[in-house]
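Residue numbers (our numbering), protein chains in the order written: chain A, 2 to 449; chain B, 6 to 487.
Bear in mind the hints are in silico, worked out from the structure with no lab data behind them. Be aware that a few hints might be false.
[Claimed, not checked] The calculated lysine-lysine pairs, modelled on DSS-like cross-linking and capped at a C-alpha distance of 27 Å, are:
| # | chain 1 | residue 1 | chain 2 | residue 2 |
| --- | --- | --- | --- | --- |
| 1 | B | Lys40 | A | Lys356 |
| 2 | A | Lys403 | B | Lys309 |
| 3 | B | Lys128 | B | Lys116 |
| 4 | A | Lys154 | B | Lys183 |
| 5 | B | Lys150 | A | Lys39 |
| 6 | B | Lys116 | B | Lys316 |
| 7 | B | Lys203 | B | Lys191 |
| 8 | A | Lys403 | B | Lys303 |
| 9 | B | Lys150 | B | Lys128 |
Each chain, letter by letter, is given below.
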Amino acid sequence: MSIFVPNGKAQQEQMLDVIGVGKFEDLLTPIPESVHLKGELDLPSPASELELLKEFKGFAAQNSSSNLVCFRGAGAYDHYIPSAIDNILTRSEFLTAYTPYQAEVSQGTLQSIFEYQTMIARLTGCDAANACMYDGSSAVAEAALMAIRATRKKRILVSGALNPRTIDVIHTYMGNGDFEINEVPFGTDGLIDLEAADQLAEGGVAALVLQYPNYFGSIENVQAAADLIHRHKGLLVVAADPVALGVIEAPGRLGADVVVGEGQPMGVAMSYGGPYVGFMATNARLLRKMPGRIVGRTEDRAGNTGYVLTLQTREQHIKRAKATSNICSNQALMALANVIYLTLTGETGFTEVAKQCWHKSHYLHDRLLETNGVTDVFDVPFCREFVVNLPVSAEDTASAMKEKGYLAGLPMPCLGDGAMMLTATEKRTREEIDGFVEALDQYIRGAV
Amino acid sequence: MEKTIFQYSSPGRIGVALPVLDVPETAIPEQFRRKEFIGLPEVTEGQAMRHFVRLSTMNFSIEQGFYPLGSCTMKYNPRLHEFLARIDGLAAVHPLSDDSTVQGTLEIMYKLGELLCEITGFKATTLQPAAGAQGEFAGLMLIKKWQDERGQGHRNEVLMPDSAHGTNPATSTLAGLKVISVKSDKHGRVDVEDLRSKAGENTCAFMLTNPNTLGIFESSIEEITKIIHDAGGLNYMDGANMNALLGIVRPGDMGFDVCHLNLHKTFSTPHGGGGPGSGAVCCTELLRQFLPASTVEKTEEGYKLRDRMGKSIGRLLAFHGNVGVLYRAYAYIRTLGPKGLREVSEVALINANYMKARLKPYYEVPNDDGPCMHEFVASGAEMAKKGVKTLDIAKRLLDYGFHAPTIYFPQIVKEALMIEPTETESLESIDAFIDAMIAIAEEVDEKPHLVTDAPVNTPVLRLDEVKAVKDLCLVEPVEHEE
Ligand SMILES: Cc1ncc(COP(=O)(O)O)c(C=O)c1O
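Using the sequences plus the hints, can you model the full thing?
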């Protein structure tokens, strides 16, 4: 009898008796004999808690990446996670609850989602937000599909300066043959080519999708993009980095119709890529087109304030084939991490984190440019992340830096052999940045 | 009732001490600068903790009580797993790390894939899908791609029973396929003749939950999957109900070509108030080449992440799946081993059949046809005639200290109450739940207002969903703050 099963032989016999069968096998009569598994599954024999702990510590020891000083971003960022967050996340009442279908016994989850929606809407400068999506990239794809529903047009424009992984996800989500996706090139300045976008938008498009700051860290002109796409009666979908929004203007105030993004930087562990959480916010006109769950405030029979899942007629369990999305389970616990993170840091702390990311990435950038042969790839203002050109192979440099204890920036072969994209979050100290630049300098001297 | 966090805010408070900036500042150009406050709350850590702990006390959870939510497999979530997934070496790893520096994680992913293949009888796995619905999408796209590759791209229909879960048709739409609904027979099984008449040259795929959403095993499964294969389609199994089958039957041995597993159900990863889950997909050798990016291979130089696209259907998430969830599922399978996993399903079946037997004198079980699998669907139709709806019964259960069953699903049963005990519930707690159900049945006859007025022992009384839609309020208005 395993540690998770309280009904042993004695109880089982008693229960089989009530059922009116002699033995367990009698319950299997609906399953044709021909498909029964012969023998038992070929799986390792059970491990004790102690053995598993040792096994996992062994796995963890094989992950040397966790010891490297991180200058890599490209969609996942090494931010400090306040310890109070996990204290709340591991509380039984949040961790082991299902989706809040029975609102009267789910007010904790529902109110925290309502607060999450509020914070996301305020951060993005929008009127409303949903309860979350799987991750930032699928949120972008769902936003594109939402724009298609709202405009009844089947074509979208995607900035070439969008994270290429996000572009992949858009293609996958829109890969059923019904839609057309056109990529808008970026100029030599690393910003989306708005003239090209203007031409491509001729004939009508559902949306223009751009990233802000874009994949390379450059700050797009959201207002100009919004004006342009609105002239063509399309919508502007902006994939935004939430931490950057602590210092740069909210896309919702610059004309964006849907703002989506990756919530990982707000209190969620990097954990090799997941679980993360996508956010989605929009304006009042479009909120009924949103996919996913939405929480609303209401009253109980005595007039007390309470919260429920609302606008459910958009969703799969009611609309089935005509639903706005197939999403059911989402990433609720990670959204809870976001709301606790935004609460603990708060107005001052969150903007401080954002500012430190701005200043530290600029300091890193400026120090790198003092290094022999390192040059800028793009000459426009950036936020939190940037690309430089090394006089040596970026791949080789990253390997060499690994030996020195650093996770260097991401090599960007699409921008040249020496191109590397780097970030420095609030976690990086001046000493770490100086040490990294020095190690890089030494490596370059040795290599050229 | 708890105030919102915004109502605790006062300027200058902060909940975490941040390091002091130790590098020179660089001016933020005026044209880009955020012009207004964000509107985040300002509270101390103590205030934040008190707020969220108070909120938590207004939640029901599996660690507080019985959660017989059909189709959702609310089983106990081992605490060890929470510790394991948080070990620094596993949690603090950037997703774009060099393979040589993440061998531990890649090994877990590789081994979990192998274990899931053995459990399902398939040959290849993707761990990328974030939840069941995304797994369904991956699965249908795999089949579609296979049809395209063999020149059968015109096949645009996906067949599924009328009892299918809502994500099945919604996913089909996302995959660009037309849903053809197949009738259920009087016991709730697929009407084989109806299926035969609808399978044909436009059939791309058949989607089936087995055991189906009534908790009934599809006894004609071999004939069903053969009809589809003969018509040129492939069979997709929605594996949300795999908790009934561990070590007993494998999807791959029933003629299915691909299935998803809900690791957050069968494999015990906690549901977190709505997610994260994982919808790992297992498939035959035939479909391997089309799997999404981010699969792990074992080579002579160690484990490698295959992150190229090739013939793949693409990428479902930016990175490699809900890895933290995968750690937990791996630990679960390792703890139980082959006998333990079979015991899970055996006891899940016994518990469900026991509940059905004891409740039948009080609640109609419309599709009853011998043993059920891990769950069954009762109907409140008789009680509805007396003016007490299934919704009322669900709310009354909350008063008795239980979570309610899944209600109004599947739609083919009137006033449905879908009950799934899982294997982790003791006979004592199952009996207590049954006693409550019987007491409610008596209340319906004798004091119906107790049921229609329910719940009364909960943090709030019955909430007005109509008002929530009519007076839509999705965010805290700014003027509410103090
Ligand atoms: C039968 C069935 N299929 C599919 C799903 C969808 O799974 P998920 O919520 O993980 O997307 C569920 C769960 O709600 C289910 O019960």
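Verification of the hints:
no. : hint                : result
1   : B/Lys40 / A/Lys356  : holds (14 Å)
2   : A/Lys403 / B/Lys309 : holds (18 Å)
3   : B/Lys128 / B/Lys116 : holds (13 Å)
4   : A/Lys154 / B/Lys183 : holds (20 Å)
5   : B/Lys150 / A/Lys39  : violated (33 Å)
6   : B/Lys116 / B/Lys316 : holds (24 Å)
7   : B/Lys203 / B/Lys191 : holds (19 Å)
8   : A/Lys403 / B/Lys303 : holds (23 Å)
9   : B/Lys150 / B/Lys128 : holds (18 Å)
When each numbered hint is compared with the structure, a violation occurs for hint 5 only.
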